[in-house]
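J.: So the protein lines, in turn, are chains H and B.
For the first sequence, position 191 matches number 191 in my numbering, and the numbering has no gaps at all.
For the second sequence, position 276 matches number 276 in my numbering, and the numbering has no gaps at all.
In case anyone wonders, no lab produced these hints; they're calculated from the structure.
There's no promise every hint is true.
[To be verified] As a list, the in silico DSBU-like pairs of lysine-lysine whose alpha-carbon atoms are at most 30 Å apart:
1) B:Lys319 with B:Lys306
2) B:Lys306 with B:Lys287
3) B:Lys261 with H:Lys221
4) B:Lys319 with B:Lys282
5) H:Lys221 with B:Lys319
6) B:Lys306 with H:Lys221
7) B:Lys261 with B:Lys319
8) B:Lys306 with B:Lys261
9) H:Lys52 with H:Lys41
[Claimed, not checked] Computed from the model, here is a short list of chain H residues facing chain B with C-beta under 7 Å:
10) Glu26
11) Leu30
12) Val38
13) Thr224
14) Glu227
15) Ala228
16) Pro246
17) Asn247
18) Ala292
We put the beta carbon where it would ideally sit given N, CA and C, even for glycine.
Next come the chains, spelled out residue by residue.
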Amino acid sequence: MATEERHNPFATAQPAGDGTTLDQQERERLRAQPLWRVRLKLLAGTLWNNWKLFTENKIGLIGLAIILFYAGLALAHPLLMGRVWDPLIYDPVIGFDPLAAPHPAPPSAQHWLGTDPLGRDVLSQLMFSTASEFILGMVAALITVTIGTSIGALAAYFGGWIDTFFMRLADLVITLPAIVLLIVLGGLFTLDLPLLALVIGILSGFGATTVIIKSQALTIKVRTYVEAAWVAGGSHWHIILRHIIPNLLPLTFLYMMFTVTDAIFAEAILSYFGLLNIRMSWGLMIHTTQSAGYLLNFQTWWLIVPPGLSITLLCAAFYLVGRALDEVVNPRLRKR
Amino acid sequence: MTSSEALVRVEGLRKLFPLNAGFLRAPTSFIHAVDGLDFAIAPGESLGLVGESGSGKTTTGKLLVRLLDITAGHVFMQFDGQVLDVARLQRSDSKTFRRKVQMIFQDPYESLNPRRTIFDTIAEPLQVQNIGNVLDQQERVAELLNLVGLSPPSTYLFRFPHELSGGQRQRVAIARALVINPAFVIADEPTSMLDVSIRTSIMQLMQNLGTQLGVTYLYITHDLAVARYMSTRLAVMYLGKIVEMGATEEVLQRPQHPYTKALLSAVPVPDPRWTRTPVEIKGGISKPIDPVPRCRFYDRCPLAAKVCEDNDHPPLEDKGSEHYVACYRV
C-alpha cells in the first residue's frame, strides 16, 4: 500500500501489533476530507454559534439593522446617480435645482429631504456621505486594532523595555485631548479622509486600545498552554501568532466597533469646523448649514436633522453591536 | 547505577528567585526554591518527586524542561549517546532537547488552548519542529489518540477542548507529550485535578505507555499513594532539598528521615480501629527566603540537636542499598 511505502518520519515509532495502529477504515476516514475543508467547516460552525449568541441580544440586532440600512443607502447612491437622478440637479457637491427655488427648499416629491442653501439635494448629500463615513470608520478601526493587537501582544509577551516604552507612550496619548489635537493638526495640514483615518487609527491604536489588549494578553501569556507550546519547541513568534493573538481576536474585534464610533464622531467635529479637505460628509452638511446661518432655525429642520440624526444613529449602531459582541466574547456577561 | 548509564543526571541544581530587585538595584534577598539537588534517573525507571506545596518540586520540573532558567548547577541528559547540559543549552542542541523531553501539566483545563482543535494541540510539537507533512501528522495524531484511548480518533480529531471531559483532556495532554516519541517525560501532578474515579485509569495509561514506548518519567506529586503506584524510585523534597531518596518500597516501608516519617504518618488508613501515632513535627512549611546555614528541617524536627544547627544542611548519605538520607541524627 502506498501509505506504508512512503518515507516514515516517525521511524522510531512503536511497531504495530498492539492495537495502536489505525485500521484501514479509520485511515480512509481521515483521508476522505482534506484538512483545509475541515478547518473551513469548523470556522463556519464557530461563526454560526457566535451568530446565534449574537441574535439572542436585541440591542445588537437593532444596531446591525441600522448599520445595514446605512450600508444600503451608501450602495444605492451610485445606482441612483447613474440611472434615476440627473447629475446636474442631484450631484451632492455641484448639483443645483433651479426649479425648486428659493433655496433651501423644504422636502418635496423631487427632493425628499429638501435642498440646502446652495440648492443641492440633501438626500443625495446624505447618501453620498454615508460611504465615506463607513470607509473612514473601518480604515481607522483596522489601523487601531492592528497597532493595538501587535503592540499589546508584544509588550505583554516580552515585557522589559518594549513594555515600558509603549505603555508610557500610551499614557502620553491618553493624556492628549484627541479632538483638540486633531483640530490643531487640521489647522497645520490639509487633512483628507485617508490621512484622518490614519491619524485617528494611530492615536487610538497607541492609546487606550493597546493598554486594554495588553492587559488581556498578560492573562493569556501565563496560561499553561503557552508553557506547553514552549516545551513543544515553539518559538516566541509561534506562541505569539498561534496562541496569544488568536485568543486576543474577540476583544480586538470588540474594540474595532468602538473605534468606528470614535472615528465617525471625530470626522463630524472636524468637518463642522471646516478643517477637513473632503467633498461631502455629514459634518460638512452641518457646517454648510451653520455658515449659511440656518443652524438654529427650526423652520429649516431638513438641513440639520438628517445629518445630525445619521451621525447619532450610526455611532450608536456600532456601539450597540459592540455591546452585543461583548456578550458573545465574554461569557460572564451573558444572561444565562 | 553508574553515572554513564543515567538518562538524566542532575548536579547541584539551584534556582533562586530574586525578591526585592528594583530599578538599577541588585536584589538582596532570594527565595531558594531549589537549592542544590543531586539525583540521577536511569532509562526506563520512573522517579517520583514528592513533597508538600512549596517544597520546590514543580520548580524542579520546570527547570528540567527549561521553562525557567537554571541559576546554578548542571542537568545532563543523554540521548542516543549525545550528552546535553540543559543548563547551558546550545542552539544546535536545543532541537534534540525539545524532541526528547516533554512535559505533562497539572491542570488539563488550562493546558489546552481553548481555540485550537485537538488535532492542532496534539500536532503542535510536530508542527513547530517540522516533522512530516500534514497527512503524516494527521495519521500520527490519530494513532496517538488510539493509544491514549480516545477512539475512534476521527470523532475526536476536530473537536475543541471544551467538548471533552477532564479525563479526556488529560489524555489529550498525554498524547501531545508523547507525539514526538520523547525519551523523558516530566509529569507534574497529572492526576491531581481529576476525579478520583478516573485517576487510576490515567495512571494506568501513563504506566502502560511508559513501558510500551520506553519513556522515562519524572513524576511530581504530593500524593504518596500516587507516587507509590507510579514510581520505581522516590525522592522526598523539603524546602528545595532532597531529604530522602531510594527505591519506592524501601523508602515507604523503612523511612529514615523524620520528615518522611511524618509524611507517612499523615496518610489516612482505611481502618476505623487504627490509632494514629501522633504526628511529631510542629508548625508548617516556611518559605525558603535566605535560609540560615543549618538543617532546613531544624525548626520542625523532633530530633533537632546542636549538630543540626551548627552545620549546614546535611548531605545525602547512602544508608545502604542506595537509600539516601540527609540527616545528621539517623
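J.: Each hint: holds or not?
T.: These are the hints, each one checked on the structure:
no.	hint	result
1	B:Lys319 with B:Lys306	holds (22 Å)
2	B:Lys306 with B:Lys287	holds (22 Å)
3	B:Lys261 with H:Lys221	violated (40 Å)
4	B:Lys319 with B:Lys282	holds (26 Å)
5	H:Lys221 with B:Lys319	violated (45 Å)
6	B:Lys306 with H:Lys221	violated (48 Å)
7	B:Lys261 with B:Lys319	holds (16 Å)
8	B:Lys306 with B:Lys261	holds (21 Å)
9	H:Lys52 with H:Lys41	holds (16 Å)
10	Glu26	holds (6 Å)
11	Leu30	holds (6 Å)
12	Val38	holds (5 Å)
13	Thr224	holds (4 Å)
14	Glu227	holds (5 Å)
15	Ala228	holds (5 Å)
16	Pro246	holds (5 Å)
17	Asn247	holds (6 Å)
18	Ala292	violated (55 Å)
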